[in-house]
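Asks: Spelled out from the first residue to the last, the chains are:
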Amino acid sequence: MGYPYSHASEVSIISKHFGDPDARTLEGWKKRGGYEGLQKALQMGPEEVIELVKDSGLRGRGGAGFPTGLKWSFMPKDSKKPHYLLCNADESEPGTFKDRELLRWAPHQLIEGCAIGAYAIGAEQIYIYCRGEFFEANQVLAKAVEDAYEAGILGQDVFGSGKRIELTVHAGAGAYICGEETGLMNSLEGRRGEPRIKPPFPAAAGLFGLPTTINNVETLSAIPHIVAKGSDWYRKWGTEDSPGTKLFCVSGHVRRPGNYELPLGFPLKELINEVCGGVVDGNALKAVIPGGSSVPILSADQVEDCLLSYEGVQEAGSMLGCASVIVMDETTDVVHQVMRMSSFYAHESCGQCTPCREGTAWVTNILKKLLAGKGTEEDLTTLMELTDQMTGTTICVLSDSVAAPVQSSIKYFREDYQKLIKGGEVNG
Amino acid sequence: MAKKRQPPVEKASVQLLVNDVEITVPEGTTLLEAAKEAGTEVPHYCYHPELSSPAQCRLCLVEVEGAPKLVPSCTTTVAEGQVVKTDSESATKMRQGVLEFYLVNHPLDCPICDQSGECDLQDFVFSEGRKHGRSKAAKRVIGRDDFGGDILFYGDRCVMCTRCVRFMEEMEQKPILTVVERGNRAVIDTFFEQGLEEAEWAGNVVDICPVGALVSKDFLYKARAWDLEHTPSICPNCSMGCNIEIHTRDNLVQRFKPRKNIEVNGSWICDYGRGGYEWLNQGGRIEKPTMKDTHEPGNGTQEPFGWEDLLRGLGARLKESAESVDVIASPVSSNEDLGAVLGLLKALGGGKILYRCPTSAEEVKLPGKEGLRRTNQLAPNVDGLKILGAVNVGDGSGAGGLEDIGASNSTVLVLGDRLEDQKDGFAENAGLLVYLGSHASQALSQADYILPITTYVEQEGTFVSSGGRVQRFSKGLEGPHAARPAWSILNELTNIISGSSDGDNVEEAFQKLSRISDAFTGLSYEDIGPEGVQLDAVAKKD
Amino acid sequence: MKAPKFNPGWAGNIGEYELTEAEIRGEDFVGERPLEGGHPSASATYPYMLETKDPKAKLFEGAYLERFEKIVTRYPEMRAALLPTLSLAQEVRGYVSPQTMDEVAELLELSSAYVRGVATFYTMYNKSPVGKYLIQVCTNISCNLCGAEDVLRTFLEETGTELGEISGDGCFSVVEAECLAGCGFPTCVQINSKYFENVIAEDVPEILATLRNEQSTDPRKKSLKE
Chain Y
1 MGYPYSHASE
11 VSIISKHFGD
21 PDARTLEGWK
31 KRGGYEGLQK
41 ALQMGPEEVI
51 ELVKDSGLRG
61 RGGAGFPTGL
71 KWSFMPKDSK
81 KPHYLLCNAD
91 ESEPGTFKDR
101 ELLRWAPHQL
111 IEGCAIGAYA
121 IGAEQIYIYC
131 RGEFFEANQV
141 LAKAVEDAYE
151 AGILGQDVFG
161 SGKRIELTVH
171 AGAGAYICGE
181 ETGLMNSLEG
191 RRGEPRIKPP
201 FPAAAGLFGL
211 PTTINNVETL
221 SAIPHIVAKG
231 SDWYRKWGTE
241 DSPGTKLFCV
251 SGHVRRPGNY
261 ELPLGFPLKE
271 LINEVCGGVV
281 DGNALKAVIP
291 GGSSVPILSA
301 DQVEDCLLSY
311 EGVQEAGSML
321 GCASVIVMDE
331 TTDVVHQVMR
341 MSSFYAHESC
351 GQCTPCREGT
361 AWVTNILKKL
371 LAGKGTEEDL
381 TTLMELTDQM
391 TGTTICVLSD
401 SVAAPVQSSI
411 KYFREDYQKL
421 IKGGEVNG
Chain B
1 MAKKRQPPVE
11 KASVQLLVND
21 VEITVPEGTT
31 LLEAAKEAGT
41 EVPHYCYHPE
51 LSSPAQCRLC
61 LVEVEGAPKL
71 VPSCTTTVAE
81 GQVVKTDSES
91 ATKMRQGVLE
101 FYLVNHPLDC
111 PICDQSGECD
121 LQDFVFSEGR
131 KHGRSKAAKR
141 VIGRDDFGGD
151 ILFYGDRCVM
161 CTRCVRFMEE
171 MEQKPILTVV
181 ERGNRAVIDT
191 FFEQGLEEAE
201 WAGNVVDICP
211 VGALVSKDFL
221 YKARAWDLEH
231 TPSICPNCSM
241 GCNIEIHTRD
251 NLVQRFKPRK
261 NIEVNGSWIC
271 DYGRGGYEWL
281 NQGGRIEKPT
291 MKDTHEPGNG
301 TQEPFGWEDL
311 LRGLGARLKE
321 SAESVDVIAS
331 PVSSNEDLGA
341 VLGLLKALGG
351 GKILYRCPTS
361 AEEVKLPGKE
371 GLRRTNQLAP
381 NVDGLKILGA
391 VNVGDGSGAG
401 GLEDIGASNS
411 TVLVLGDRLE
421 DQKDGFAENA
431 GLLVYLGSHA
441 SQALSQADYI
451 LPITTYVEQE
461 GTFVSSGGRV
471 QRFSKGLEGP
481 HAARPAWSIL
491 NELTNIISGS
501 SDGDNVEEAF
511 QKLSRISDAF
521 TGLSYEDIGP
531 EGVQLDAVAK
541 KD
Chain R
1 MKAPKFNPGW
11 AGNIGEYELT
21 EAEIRGEDFV
31 GERPLEGGHP
41 SASATYPYML
51 ETKDPKAKLF
61 EGAYLERFEK
71 IVTRYPEMRA
81 ALLPTLSLAQ
91 EVRGYVSPQT
101 MDEVAELLEL
111 SSAYVRGVAT
121 FYTMYNKSPV
131 GKYLIQVCTN
141 ISCNLCGAED
151 VLRTFLEETG
161 TELGEISGDG
171 CFSVVEAECL
181 AGCGFPTCVQ
191 INSKYFENVI
201 AEDVPEILAT
211 LRNEQSTDPR
221 KKSLKE
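Chains as they are written, first to last, in this note's numbering: chain Y, 1 to 428; chain B, 1 to 542; chain R, 1 to 226.
Bound-form chain Y, shown alone (with noise of 0.2 Å):
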């Protein structure tokens, strides 16, 4: 069920609670069927769990949408050394609030779907690294662990099982780019949060350097009930390359925003038009970005027949992202918005990759010279070579990420920035 707003349309299953007290509490989640999933696992091998994962098609919901079952079998099998499940609840990708949500009113089905990771990985250890700034979802989880504690659901034998399993939530402190997994394991370390050259990757030489898988908040909560309900139940819904269904946050200018499970390859343009009640005051649509802000933005007109599925939103020119739709009406001052994105990821910017750090501020010096009318036609050329010298040369994404939104905005509404180039021509 959505939130704050809920509708018909929807599919809740990781959502189903949301909005009920009585959830977040140990009793009440058991209630629910909680748990059912985690003791299922017990009963099953490690490898029966990353099957039954992989075939249910569930893909990585933190952005890349890489197959999970895949990434937990590429763990070592029979190595000595420590494993680490990790948990990614840094939400902070502009546009995207559906880990908040899942965080406080669903603590108990994340931590069962941890449990069952790490039961599959091979791992007696998990780190949730949640956001620093969730205070209050940092409480409420922080209270669901002690009470799976007492209850002996996480420890020294989970459900009799003789297995061990702790789980550890930290807290961060502050950093987009600690979303991004290898700065996010710097960052649990102690360390600056500045990504890693990878290889090697975190399966090989993650946490403290030892074999990790890292996970979403909304990838992990599903795993409970794909366990408990079989993966040809959970592939009821959504495509054969995107199964299940997804969180999709919708904000900007919509009449009712927030969060909405809904099967994967859903169409866009009723998800802002049906469920979210459409554009406020009854204006005209302009752009959305599907994804978040790191992804291309999308013209009205591409809109039109977008699917939102991982490969419905490539084809229609960008990215979904972790699904977080971010709706512009016509009075959007669109150049002023890639601005404001560009200074979030030059603020952000680890400052390790020479492109990143220089081009990051850089670009979005030139944003603010056209903003203030004093730009030119050159200024365009330079943008769309300087996000070209950005993109595919630095350790992490971050700095293409700023070439998504200034390439797309310039190629679908280039009469934006015109307009303000002309403007400047006519006072200067």
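Treat the hints as calculated values from the structure; they're not laboratory data.
Some hints here could point you the wrong way.
Claimed, not checked - Restraint-style ranges between C-beta atoms, simulated for each label pair:
hint, chain 1, residue 1, chain 2, residue 2, range
1, R, 202, Y, 70, 45 to 55 Å
2, Y, 311, B, 19, 35 to 45 Å
3, R, 58, B, 123, 52 to 62 Å
4, B, 123, Y, 55, 51 to 61 Å
By construction, the Cβ of each residue, glycine as well, lies at the ideal position given by its N, Cα and C atoms.
Starting from the known structure of chain Y, arrange chains B and R on it as the hints suggest.
Replies: Just chains B and R now, with coordinates in the frame of chain Y:
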């Protein structure tokens, strides 16, 4: 004594193609090192062969056939049959782009920057950068910061390669440098007012800084890089035998820089060693060979003579006395000097060689490089002297221990030691007192003969390091006109005394050593090469 | 769409659900977190951004020492405890001064410079003192589309401060924040530990008035003064 060199572990070799050159390198080699083998230097800032590689400068990206995007050559290792292109269109375009980013906030103050002329940013931009930058905005200004010790930081020139941070963390293992802030506000800094004072190897951060961000206060504005002559040499300030380059201009030493030798010092030298070069520029030199006027009783004056007459006279007097000789050598004397002394003693009635050496109670280790340290013997050839039979006397400050010789009435030869701790009229009862020195000595002003010699930078020769490695140093400065290497003078004397005619060159001077000590057997001067040779016999002894 | 006038924001807009504020905020459920932080492995050592701070407080003593000791047990390496320890230090002292970095470095056997490098990487550590209430207004895209810049401007005007400055009465510091992950509830404002959601410019005077009058009842704040 250093560990015996392990035989290299046989690694599987990998064949690949770099810029159409086929090469074979050991498995695990990085593409950047492989490209070096193939004759291509891939531009880079953050990579340093002796530090970890964060792959963050993004300049060393190269094209590997089949890879979806450019790969950092500093961390990517070779694979069989790989086809690598460092100068493909995409790689050069990318480099040009990255270089443009480097200049967005760079002050371009090359005319007043010490690094100018040996700056990687200057070089790379000159060869591959855009003609004109496109950034028109005001530049970010960080300014200058005194990091303490000998180090100054010019933040605006910094390219954020973090080599300095990693050096302090991984090599010196005192993480007192860090990156502060993030994004383009990021800057290298220490902990507020605390500087690098507690560091003892900090000078290396200046060497590894690819640009002029970290500079030496001592060298600040002293010379332009292109005016300096570089002479391969050995650090004279302890017995570790660190390989250095001596940079000179106007016949003065301007600075010491480490010279890479992975077997000894890697790319590093300590601050103590680096700072100790002023004595090589010191005045007060002995300009001419002189002999004390024997006609005057008591304090005679020193009369200058030509070398030929003087040495003939001295040789005759030595031969005449034909008694055992007491020699005071200096621990900066080269092996060749010592060999020549021993040759002379053999021609006469034998004798003993003493030396004094200042020492330090503490060694100063560089934890990240096994075995590398400032040893507690603060002179370069203590081990050479030991091998050749010299005996250490005196205290830890390099003084005292000469009571017997001071009272001697036989022949006394002082080689290089200025005897600063001794009173005037040292060994006044000696049958014959000869001083071979570079600088005037008060204690020896009454010597019968005073013969000007060159300092070690004014000649070539060899030292033996504490690790038992014989290493060559070269001539970087011109000595006073009449000064000669001590070995040259002593060998000529021996020729005069024994009627031999050994050649006056360093190769032969070195060759004499193998007749004296097993350690040098079978070794020729040419064999030693630029990185020295381990004396196995010496290694076995300890 | 009218945003509620004053929304304490613990769980956002109550929307179409018929739930009481207490239920939504979940205080009955979450309860007061114990000062010493609860279960060591489950952590529960989350710092609050306290209104009452003592820049001279000792690092650490009493319940805070207990929390620090728990934090250290949660990781295989001391270094990993750095972020939570800095947070804890900030909870007590209000900001992370050079002196604090130095002390934390000593506690965790790290170099002071290293701690400075880490502390300056993260925005949640205040490197200089802030007002009693630190008001962080999100102006990133989703909130920006819905008038966040007006909200920010109004906060600045009403408190009479420039960005990042402490107001004359020491009550407020207003800063611009990056996305707080409350995009569905624009404008999202974080004041100390709490989220205020669906804030519009008109709400600002009332929010400030409430904060000014708020009498602190949090037991943690009392114990700190003792």
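Asks: Which of the listed hints are not met by the structure?
Replies: Failing hints: none at all.
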